[in-house]
Amino acid sequence: MISHAQAADRLAPVTILVPSHAAGLDVTRCLGRTLNGGAGSVGVRAFTLKDLATELIADDVAVNGRRPLLPILRLGAVSRVLLEEPGLFKDVADQPSTALAIARTAELLDAVPDPADPELPELMQEVLRLHSASKEALGREWYTDHEAFTLASTKLATATVTQRLGTIIGFMLGTESRPAEAIFRASLEAAGMQHLAAAGSAKNGVRLLTASDADDEARAVVRLVVERLATGTPGHRIGIFYSAAQPYAALLGQRLSQAGVTFVGPSAHRLMDSPLARGLLQLLKLDPQDLDTRTILNIHAEGAFSWHEQKLPSSAACERFYANPPAEEDYAGADTSAQADYFEKFRIFQSFKEALAARISLVQAAASWNDASSSLISLLEDFMGPKGAGERPEKTAARNALLEAASDLRHLDLVGPSPSPALLQSAVKDGIASKGRWTGKSGTGVVVGSFADAVARDLDVVFLMGVAEGLAPARTRENPLLPDSARAVLAIGLPTVEERAEANKKQFFAALATGSERFITRPRGDLRGSGSYEVSRWISRKPEPQDQLRSFAHGIENGAPASDALPPTAQEWRLRRILTAEEGAAVLKEDEALQRALAATRDRRDGVFSRFNGNLGAYAGIIVGPEKPLSPTRLEEWVTSPFSYFMKHVLKVSILEDVALEVQISPQQRGILVHRVLEDYVRSITKDGLPPSVDRLMEFADAAFEDVANPAWLSHVWERNQAMLRQDLKRVLADDEDMSAEGWKYLAEEASFGPEDTDTHPPVELTLDDGTTVRFRGKVDRIDQQSNGSVRVIDYKTGKADKYKPLRDHPTAEGTRYQLPVYGLFARTLADSSSDVAAEYWFISKAGAFAKIGYTVTDEVVEQLRTDVGLIISALRNGIFPPRPESDRYVNFTTMMGAQELGQQWLKLQNAPELQPYAQLLKAEK
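In this note's numbering, the protein residues as written are 466 to 1391.
Below 20 Å or equal to it, Euclidean Cα-Cα: the simulated PhoX-like pairs (lysine-lysine) are:
#, residue 1, residue 2
1, Lys1317, Lys1268
2, Lys750, Lys818
3, Lys1210, Lys1152
4, Lys668, Lys970
5, Lys1210, Lys1195
6, Lys1244, Lys1152
7, Lys1317, Lys1244
8, Lys810, Lys1117
9, Lys1317, Lys1270
10, Lys1093, Lys1244
11, Lys1210, Lys1317
12, Lys1388, Lys1373
13, Lys1195, Lys1265
14, Lys860, Lys906
15, Lys1311, Lys1265
16, Lys894, Lys860
17, Lys1317, Lys1195
18, Lys776, Lys818
19, Lys1007, Lys668
20, Lys1388, Lys1268
21, Lys776, Lys852
22, Lys900, Lys860
23, Lys1311, Lys1270
24, Lys810, Lys776
25, Lys1117, Lys1093
26, Lys1113, Lys1093
27, Lys1265, Lys1317
28, Lys818, Lys852
With beta-carbon atoms standing in for the labels, derived distance ranges:
#, residue 1, residue 2, range
29, Ser816, His734, 29 to 39 Å
30, Ser1339, Ala1062, 25 to 35 Å
31, Thr1098, Ala1062, 27 to 37 Å
Hint data in this document are derived by calculation from the structure and do not stem from the laboratory.
Built from N, CA and C at the ideal position, the CB exists for glycine as well.
Could you put the whole structure together from the sequences, leaning on the hints where they help?
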């Protein structure tokens, strides 16, 4: 066609209309290689319909000084009209999604004449009213695509334009979805446009493959691509096109990257998916007067923050600050560099939150969109700026796109309503969603995209993926604001659901016409949705048995992950080598990471007590410092779960408990509260010399209730809890009065022993049977003394007494409880050698039936303590930390790792020879 048009004049103009910019590049490159004996083409230009319309009207006085309408401006105009005259939408006018839905529908309504047909439904009439009002609000400064196409259509009637365009060829044009485009195309046809179109067939010359799921489908396609590359097919001559971006875009991006194959196409990750974009949108939802620290921590954990004033502490450190913030009085005790550094990092985190709250407040209080835009840009630059020269390119690109979206907001001052936090969030979210991202440069790698991107492409090998029911065709839904019934009444050429479905079918077969070697692939199942897929209704033939590809897992289980095909990734090469070599995994003995993983799997499966199961004998003697005092509860924690002990006290890993998510006071918080009240009350008697008083006890209780109250707690539940706590405290006081009648009095409250630098009492020492000494630290809730000199140490418990009852028969409950004997050992240092010393748990709640469990601390008790503690200390010194599971009734390391799996692992491990010396402790019930 082009040769014929330029037969008489090699410089004769030829205009080619193509469905996409990429198709235009392919057409011009192909013509450059083939026209005039390969000498190139002259006078041939390729346009999309929109690009041609834009060029034709560029010098028209009708658009002189006007600019193309930005989507954000139409959204702003619709939002303004909704707020001023909501009409039928009055109940949802303030919802950003309402304005967004109407604005998107309005793009299709520009062709509707004014006034509209009165036969339209009331809702449609209202949508058209809002559309007309928003167009009027936009004024004459902007022009829509409809105006551009309409004006370009009139231009085609002039001889000057038709002469400039010359021969017009429509190459693989699809069905236009907007009336103005259809009108423009009809005008081009009237001006003599010739059509060149093709439709492929799935019957002949096309290989139809099926895979177990989309992931295996992507693996198979990438493997075939690598094979084609290996045989000499250039990457830019291969195309992979999918029916749905989810999940294929991400899967292809991952598999192609693993195979080291350069590719070009839409990015698998949208701007909306980037940590910076997610973080920005979350910040805009915050109340600066009551900043949600949890949101800040989530954003920080994704690496989105970079403060221009100071370097932020790590996200893990900030989580610790949130869970356990240091009190003001702790600062005075910061006498070491480590403590000073800790408090300095806490101060930086607090300063960051204050500065961030002030900046968010500035953004939300902006009086104009220009101010909002400037404040948002400042927020991005000062709090989410680059961390250094080594920043990843994709993160820099995401930030630049966000800055562009923030800059676009200033246009809303021309047409939009005044900014508000809700409108700001909506406008930023819509701006982010409109920013497309691209991977690679055209002509440099394998082409990736949707079926639409495959039409009119110059390629040798083409893969069409996801050709299954539910994906191709995908379900096409009606627009509730512009249903098919209304489209028929409007009679402006808007396609119906059926017409759009038919257009998608034609598009698929147009894509199938691309390439000389074509593959159609589909998944047999959907692992994400646990369903199955049938081949698309567009494909009449059925796949042959040999075209049903084995799954990747099947290949691993049966000797080779890729059959006889070429493994495209390093992972598959390694698997192939392992599965085909006689020595198996040992063939990769130089791969230390793999060998460690295999050893860990083997030892845990076979119940071998190795370093992968908590055997740290290689570090024996350095895990527990001989001079560092231990608390008795730490010994109990080792018995409960040596692995948990290792995580918490050796590796210093803690589980963040978010109290803000609770709806009532937790058992731990209840215990802390009651301890505080009783401590304050006993101190008022022992230190201040005040007499016993139930009124003063209630005053301390009310003050504590006010301090610990959490706004997230259910008010009626909290009121009931307070009433119950008051009753429990009064009962404790009544019991104390009974004890007073027997000659008992308060001697001390919260008496601590251990760290010499902060406490009045030194650590308690116990010489073990091997001659070594263990030092203890702790804090006794209360010490009482009887008139005869006897001393009693008391530890309050606010829960049930059931699990402590074994102490009545054994001083350490068969090696699981150590508080009472250690506290008794401490009390012995306070009493005369001739006086009795007792240690007791007092259960000070109705749940614990106000029981008292304890005993006199005799020499026999101390000997039992010496024996049991010696066993645990031996385990700690020898690096014994097997993964004995904890209870799965609360959040702990066992539940986080999987209680069932860890339980099965422990069943295999508990009889290991190395653990037998400690069997009586590790098998004891706690």
